[in-house]
Structure formats: C-alpha cells, structure tokens
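Participant: Below are the chains, spelled out letter by letter.
Protein chains: 2
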Amino acid sequence: MMIELTPFLNKTVRTPLYIQLYQYIKKEIEEGGIPPGTLLPSIRYLSRHLHISKNTVESAYQQLTAEGYTESKPRSGIKVLPLEKPLVPSGHFTYPERQKREEEPARRYDFQYGDIDLDHFPFKTWKKCLQDAMNSDSPDLFLYGDRQGDKGLRAELAKYLFQARGVRCSLEQIVVCSGTQSAVSLLCQLLPSNGRVVAAENPGYDGVHSVFLNHGYTIRPIGLEPDGIDLSQLAESRAKLAYITPSHQFPYGMVLPIQKRLKLLKWADQNDAYIIEDDYDSEFRYQGQPIPSLKALDTKENVIYLGTFSKCFLPSARLSYIVLPERLTEQFCERFGRYSQSSSPMIQRAMYLFMKEGFFERHIRKMKKVYQEKHQTLISAIEKHFGHEVNIIGEKAGLHILMEIRRDIKDLISKAEKHDVKVYPVSDFWIDPNESPSSIVMAGFGGLSEQDIEEGVKRLYQAWFA
Amino acid sequence: MMIELTPFLNKTVRTPLYIQLYQYIKKEIEEGGIPPGTLLPSIRYLSRHLHISKNTVESAYQQLTAEGYTESKPRSGIKVLPLEKPLVPSGHFTYPERQKREEEPARRYDFQYGDIDLDHFPFKTWKKCLQDAMNSDSPDLFLYGDRQGDKGLRAELAKYLFQARGVRCSLEQIVVCSGTQSAVSLLCQLLPSNGRVVAAENPGYDGVHSVFLNHGYTIRPIGLEPDGIDLSQLAESRAKLAYITPSHQFPYGMVLPIQKRLKLLKWADQNDAYIIEDDYDSEFRYQGQPIPSLKALDTKENVIYLGTFSKCFLPSARLSYIVLPERLTEQFCERFGRYSQSSSPMIQRAMYLFMKEGFFERHIRKMKKVYQEKHQTLISAIEKHFGHEVNIIGEKAGLHILMEIRRDIKDLISKAEKHDVKVYPVSDFWIDPNESPSSIVMAGFGGLSEQDIEEGVKRLYQAWFA
Numbered sequence: 038m039m040i041e042l043t044p045f046l047n048k049t050v051r052t053p054l055y056i057q058l059y060q061y062i063k064k065e066i067e068e069g070g071i072p073p074g075t076l077l078p079s080i081r082y083l084s085r086h087l088h089i090s091k092n093t094v095e096s097a098y099q100q101l102t103a104e105g106y107t108e109s110k111p112r113s114g115i116k117v118l119p120l121e122k123p124l125v126p127s128g129h130f131t132y133p134e135r136q137k138r139e140e141e142p143a144r145r146y147d148f149q150y151g152d153i154d155l156d157h158f159p160f161k162t163w164k165k166c167l168q169d170a171m172n173s174d175s176p177d178l179f180l181y182g183d184r185q186g187d188k189g190l191r192a193e194l195a196k197y198l199f200q201a202r203g204v205r206c207s208l209e210q211i212v213v214c215s216g217t218q219s220a221v222s223l224l225c226q227l228l229p230s231n232g233r234v235v236a237a238e239n240p241g242y243d244g245v246h247s248v249f250l251n252h253g254y255t256i257r258p259i260g261l262e263p264d265g266i267d268l269s270q271l272a273e274s275r276a277k278l279a280y281i282t283p284s285h286q287f288p289y290g291m292v293l294p295i296q297k298r299l300k301l302l303k304w305a306d307q308n309d310a311y312i313i314e315d316d317y318d319s320e321f322r323y324q325g326q327p328i329p330s331l332k333a334l335d336t337k338e339n340v341i342y343l344g345t346f347s348k349c350f351l352p353s354a355r356l357s358y359i360v361l362p363e364r365l366t367e368q369f370c371e372r373f374g375r376y377s378q379s380s381s382p383m384i385q386r387a388m389y390l391f392m393k394e395g396f397f398e399r400h401i402r403k404m405k406k407v408y409q410e411k412h413q414t415l416i417s418a419i420e421k422h423f424g425h426e427v428n429i430i431g432e433k434a435g436l437h438i439l440m441e442i443r444r445d446i447k448d449l450i451s452k453a454e455k456h457d458v459k460v461y462p463v464s465d466f467w468i469d470p471n472e473s474p475s476s477i478v479m480a481g482f483g484g485l486s487e488q489d490i491e492e493g494v495k496r497l498y499q500a501w502f503a
Numbered sequence: 038m039m040i041e042l043t044p045f046l047n048k049t050v051r052t053p054l055y056i057q058l059y060q061y062i063k064k065e066i067e068e069g070g071i072p073p074g075t076l077l078p079s080i081r082y083l084s085r086h087l088h089i090s091k092n093t094v095e096s097a098y099q100q101l102t103a104e105g106y107t108e109s110k111p112r113s114g115i116k117v118l119p120l121e122k123p124l125v126p127s128g129h130f131t132y133p134e135r136q137k138r139e140e141e142p143a144r145r146y147d148f149q150y151g152d153i154d155l156d157h158f159p160f161k162t163w164k165k166c167l168q169d170a171m172n173s174d175s176p177d178l179f180l181y182g183d184r185q186g187d188k189g190l191r192a193e194l195a196k197y198l199f200q201a202r203g204v205r206c207s208l209e210q211i212v213v214c215s216g217t218q219s220a221v222s223l224l225c226q227l228l229p230s231n232g233r234v235v236a237a238e239n240p241g242y243d244g245v246h247s248v249f250l251n252h253g254y255t256i257r258p259i260g261l262e263p264d265g266i267d268l269s270q271l272a273e274s275r276a277k278l279a280y281i282t283p284s285h286q287f288p289y290g291m292v293l294p295i296q297k298r299l300k301l302l303k304w305a306d307q308n309d310a311y312i313i314e315d316d317y318d319s320e321f322r323y324q325g326q327p328i329p330s331l332k333a334l335d336t337k338e339n340v341i342y343l344g345t346f347s348k349c350f351l352p353s354a355r356l357s358y359i360v361l362p363e364r365l366t367e368q369f370c371e372r373f374g375r376y377s378q379s380s381s382p383m384i385q386r387a388m389y390l391f392m393k394e395g396f397f398e399r400h401i402r403k404m405k406k407v408y409q410e411k412h413q414t415l416i417s418a419i420e421k422h423f424g425h426e427v428n429i430i431g432e433k434a435g436l437h438i439l440m441e442i443r444r445d446i447k448d449l450i451s452k453a454e455k456h457d458v459k460v461y462p463v464s465d466f467w468i469d470p471n472e473s474p475s476s477i478v479m480a481g482f483g484g485l486s487e488q489d490i491e492e493g494v495k496r497l498y499q500a501w502f503a
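If you read the protein sequences in the order shown, they are chains A and B. Residues in the first sequence are numbered from 38 upward in steps of one, following this note's numbering. Residues in the second sequence are numbered from 38 upward in steps of one, following this note's numbering.
These are computed hints drawn from the structure, not numbers from a lab. There's no promise every hint is true.
Copies of the same chain look alike in the list, so a pair counts if it works inside one copy or between any two.
Heads up, simulated SDA-like pairs for lysine to any residue below, C-alpha to C-alpha not over 20 Å straight-line [said to hold, decoys possible]:
{"hint": "1", "residue 1": "K303", "residue 2": "P119"}
{"hint": "2", "residue 1": "K411", "residue 2": "P119"}
{"hint": "3", "residue 1": "K161", "residue 2": "P258"}
{"hint": "4", "residue 1": "K277", "residue 2": "E338"}
Model, not experiment: these values are computed from the prediction.
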C-alpha cells in the first residue's frame, strides 16, 4: 500500500522544511491518517511531487525512523510501523499557570531567622573573587571539579578550622557540600545503619530532623537541661548516633560546658557511637571568644563536624562542609566514589580566593561587630518596651533570640502581623510539635537594620499590649 | 584554696592579652596545674598583680566560665570546676599532609567521558550573566532562594522543555537540583518505598545506580535489546520503579522506538509504577532532530523527567532539574517543606538570564555543530586507522562512543596509556561488573579538539596494532 502525501509546507517560516514534513507525517501516523504497513512514497518521487530537495525528504524520513515511526526496508522503501494506541494531541503550548497557593504578604519588620545582614556584605570583593575564578585557566573549574571539593578551599578550611575552632584535620577529611542538609544526607548514606536510630536534641534544628526522617531514621528526642543536652537521657536512648549543636544550642542558645563535652565524648567512645556536631554559627559570640568545638576534644575519632558558610558568609553560596573522622575517610571514598561534587566549582574557587586573600577573616571580624550591635539593639529595645513582660532566652550569641511571654503565641503572631511585624513560632523545632511550649516566639535579627529592629520591637509591644 | 597565677603575657604579639590569659589558665586546668575547687584570684587582685586592666582579667574569666572550666559564685569568686580527664595537648598546628594516594598522571589524549568542549564556550557572555545576577537588588539572590529553584529559571525551563522536548509542565512541577545525583537522592526520599526496588537498564549510568544503592534500594538489572530495554524482563522484575535513558541509552546509545515507549508507559500505568526518564544529552543528535522525550507521551503521570545542564552547558554550573508528575507535587512540598535549595541562587539567576536572552538556544545550536564535527572526525579516524578491526557502537548522538574490539581491553587500556592516550573501561556500567563484556572501551570526545581526536586515534592504533 502506497499513499499520496499532501502536506502544506511553508517556506516563509523559520521551521526547516524537513521538520515540517516530519511533523506532518508523524501526526498523520499518530492520528491514524496513515495506517501501519503503509509504504511512504520514495524520496525521489516525493521531492519532485512537493518541489523540495531530496535531502529534505531524506532527513524527514530519517527522523521518523530514528524515533521508530517507520522502518527502512532495503529495496522496498520506508514502511509505517504499528502504534499501540493513538497519542496525545500536539499543538501550541504555553505552560499552565497553576492556581497559586496564597503567598503570605511580606512584612516590613520581618524577624526571619536565616536572613543575614546584606548592607555590610563585601559584594565588590566577592564579585571580584568570582571574576578571578572565572578567569582561571584550569578546566577543573568548568567541569565537575574534585569530588570532595576544591583542594585550595579545603586547605583554607583546614587552616581556618584549626585557628578558629581548634579542629585538626587533613584535606582528606574535609568534604565540601552544598548546605548542611546535603551534608546530613550524605552522612545518612554513609554511616552504619544501626537500626537507623539517631538521638537528637529536643528541641533542635528541624531542617536536619527532616533529612533524617526522609532517610528512614527514627529520631529519639533527648531533652535539654539548663547547660545543654541531657546525658542520662542520651545514655538511655541506646542510639549509636547523636546530632548535637554543642557550641550554641539551636534554638535555645546554651553552651555545652567542658565537663559535659568530655562525658559526651566518653559516651560515644564507650558505645562506639558517632556524634554529628553542627557548628552552624559559632563565629558570632558577643562575649569573649568563640567556644572551641567539640571536635577539638575528639581524640577517639567519634565526632563528625559540620560547618556552613550560610550564617557567616552568604546562604546563596550554598557551601558547607563535613570534617570526617580519619577512620571514615576511606569508607567515604568507597561509598561515594561515583558521586560528583554538588556545589559549583566556580563558587568554591571564588570562596577559596576570598579566604586566601584574608577577606574572610576580615569579614567575620566586621560582621561580629555588626551583629553584636544589632543584638544589643534588640535586647535593649525589648527591655525598654517590654520590661519584665518578656524573658529573653539565649542572649549571648548567634543571629536569633527566643522571647518567652506569658501569653498564647498563636494569637500574638497574628496580632504582630497586623502591625507589619513578623515573629515566628518555634513548635517545628520540637520533634513532637505538640510538646512545644505555647509561650515562646523566635526573633532573628540578622537581616534587619538597627533602626528596623528598634521600630519592630516597639510595634510588637503595641500589637501585644496596647 | 586560692592560688597565685604567673602567666607570661606578651604585649608585643597580636593575640589579645585576655586570650593569652584565658589560654594560660585553661591549659593549667586541663593539665592539672590548677586543681578543681581552686578559687581564682579576684579580678582586682590579678589586674594589679599582672599590671593589666580589670577588663582583661574579666574577659578571660568570662570565657572560661562560658566554656564551663570555671563557675562564677556570687560573693565567693571564680571557682575551678572538675574535669573528667586530661585533655589533648594543644600547641601550634599545621594540618597533616596525608600520604597521597598515587594520582594517575594526566594523558595528553584523554578520551574522558564527561569532559565538554570549552574552546567554544561563551565565557564572556556567561560572566556577564553572572555579573548581572550579582548586581540584582533582590535579596533572594543572596539568601537561601526559592526551595524549588529560581522562578524565572523554572519559567525558562518550562518553555525550553516544551519546545525542545515536548514536555508540558507547570512551574510547580519543576524542581531545580544540583546535579542528577542530587535529583535522584531527592526522589529516593520522595517515592513510595515499595520494597525499595528499582529496575534499571543493564548496563546503565553507574552514578545513578550508586545513589539508589546508597539509599538502600535493590537494583533489578534489565537487559537491553537492539532497540533498548527488554520490556518482558521489566514486566518480570515486578518493580514499581524504573530508571531509564530512552532517548539515548547510556552507554550503548540506542533510541527507544515509539512502539516500545508506548508499551513502557502502559506497563507503568498497569502496575502503578513510576518511570524515571534520564534525558541527559538529548540535545546532541547528529542526524535530524532530538528525539522527543518519553515524558511528552505521558498522559497518566507516571514519568518523572530528569534533565541536566552538565552536558549541554557546563558541568560546573551544577544545575539539573526534575519535572515531577502533577500528582507528586504536593507530596514533594510536604516531604521537603523544610529543605533548602541546594544549588546557588546566584548561578540559577545567571542561568535564567542566559536562557531568557536567547544565549542558551544559540549555544546549543553552535555546540551541536561543534560536537557533530568532532564526532565525524572521531568516526572517520577510527574507520581510517582501524578499518574493520573495531566496531563502533552508538554512533549517532551524544558525546561518547563505544569501541568493540576483539581483544582484552585491560591490556589495551594500559598499552594506550604508554602512548599518552586514555580510553576507559565500561565494566562499572554493568550492575554486576563481572558480567560486562571484556571487549568494549569507551571514548568520550567532548573535551578534545578535532586535531587531538585524530592524533589520539592514530596513537591508539599504534599502541594496539603496531
């Protein structure tokens, strides 16, 4: 069976003729206009018939055959193959706009934790570093890059970690990741499963809890004492993995004292357990020096250290890192030998330059002052406006505080919004949100100016007490 | 018990005096020089005794108390607390250089798959896009950014995917990720576990196999027929999830024909299964147009589409994307509501600009030509030098080919290295590497110039046959 084809081919549009012809025949096959078994006209015939070149017809036929619509039979021509069922209609398309979820309106005085100060960020220097990275000759920067992260960046990190956090490690122990959650996801894939149980401070960082849960872990919630994690609860949990924020408990802000650190390490050693130390914002302590890391005391290789550039630099760099215990490095290489690095080599290289030139150290020094002032402004404003109505929790470090107030906070949060102020509930930080206190709100101050902090607190008082 | 402290404080070094004092006392406590229970000298006394300010002493004491070495007792002074055991010695530190694993020497003619052509990459335009992104006023670009990815980029992707791949999707279905492996890791966390079994083409992409295995999946290997995945084996596998490269099978290169695509979709529909379609390099077909995606035929929402910028743009952008079936979008939001986006908002925005201004389309068009010529050069060189000694597999698309040769390839690979040429084994692509044929090597040609391709093939012949 041979047929006549009478496509309308338009020589004035941009679509090449062979594609027009291919699309025409394909549509006819899909819609049943050309039944299976049909022989298409010969190339020579169709080219004459349609006044187009033989090449055009041949290209259209080749495409049809490549996609399996037709089959090329030596000496008998191009035969149409059967399709199981008619296909979806084709046609012009603009992507569907789904009905929007209602977006929350932005608030002028938004005490969002996670926002950082951008007014003092050295954009010019950072741009320069990015440019210098882009001007590099090394193809490594434009391909996949080193699986564990840029070597130069890892060397800078090793130096920084020793100087600032007391961590001693080799480059082989450092793994660059694209955020703390990526890091924890890798650890979930790496660590011995041990029944997939992890002990975690309760309350703690919900973003990481989420990763554990999504990897099939059961979380054993460990309560807090005034000086941090309750070690007897930890012992009872029988977990062989613990996730902890020892230098600035999230969200309460206490520091785990040296005695408890030593006990914690002893627990890990005796139980052959790993401790994941999340050291997310230790750069910003407003009294004295940063607290040395737990990892600095870890002689038995039980502590896995996590750091991030999201608080001390820029969240959008999406850069974090793991320091593995030496004894896990080989296993890491084996387990992830076929993985690519997930953070961009271009950004890693820019970060390397930024650290190497001393800009990072300078930036931290400056931001410590900036945040200290914001922090002081926030504390003073709360004390001034609220007096004893509010108890401030976790006031010596970091980029947020908790406010404890003898009222139901659900009501307070929506009242605040009416005054253009946003403060946040903390319930998500509890592994069982139902157990969270109803009297605490969170206020991050990193992204607000001192003026806005002052005004925001004033409005908060008006919203709640006026 | 009260003691005398006699630290040596050096006013000529950069370390502040209070830190020197704090470090001195801390070391004494740790090494037992100051026993627990000791009362430290009063601030006033020590400041006179050491000729330093009261502030200096106070800061040192505060730090010790913050870290838990001492405790401040109202009216009785600063008391040293007991430590469980002596700590590690402190001291100066340079990070340990671990004994290097022996790195393989670079080869001049390296047919590494994954390398791309950098000579024709529009670095200037890309740098401009990065700069323009950095000059944006939107704080979103410097904070965590949209969890599912830059909205502008997703809109450009939706348009591109429709035009180039026949995929119809809303922005809510697109999830930007930092590489195909990150994407698959998210899917492993998202999809119903169904006994954690995935059917995968055998051979197939080992990088993704690895992710499945690390997430506790069992892989059911599905053999290939000359026109792609063996559907009867798939049916027998009883898997409810399949990972497939239908438009350019990796590594063999065949195209799954339309009839098989329809059957595959029917399989998914009847078994309530998901198909992960990895469409990693469909931009580069050297005969006719790209093959439309499987997703374009998916009326029942069973196909999860994966795309990447690593082949068609730049691996170091670390940008990939998932197109979720509509019915998975809500579950995605729930499951990952507390996750941050792992690719940098700065790079996403630059990519958005690059696409919006039409540079991306132009780039693809240009690279298709560039790779077509390299590909032609490779094929011609092999035919010229090897004649019928080598069978070329998968020769119409992509950035690599396979060479089948009646010899043991282990020997051939090391012989090639002696002639400064690197070609690669394929055994890792087999789920059981022992089942891999011993007669096939892989040659990627993306990163080599035509001249180097020609010379590399010539040397390969000399290495193997001369």
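Participant: Each of the hints needs a verdict: does it hold here or not?
Facilitator: For each hint, the structure was consulted:
1. K303 / P119: Result: close only across copies, 15 Å inter versus 71 Å intra.
2. K411 / P119: Neither: 72 Å inside a copy, 36 Å across copies.
3. K161 / P258: neither (44 Å within a copy, 52 Å between copies)
4. K277 / E338: This pair counts as within: shortest intra-copy Cα distance 14 Å, inter-copy 41 Å.
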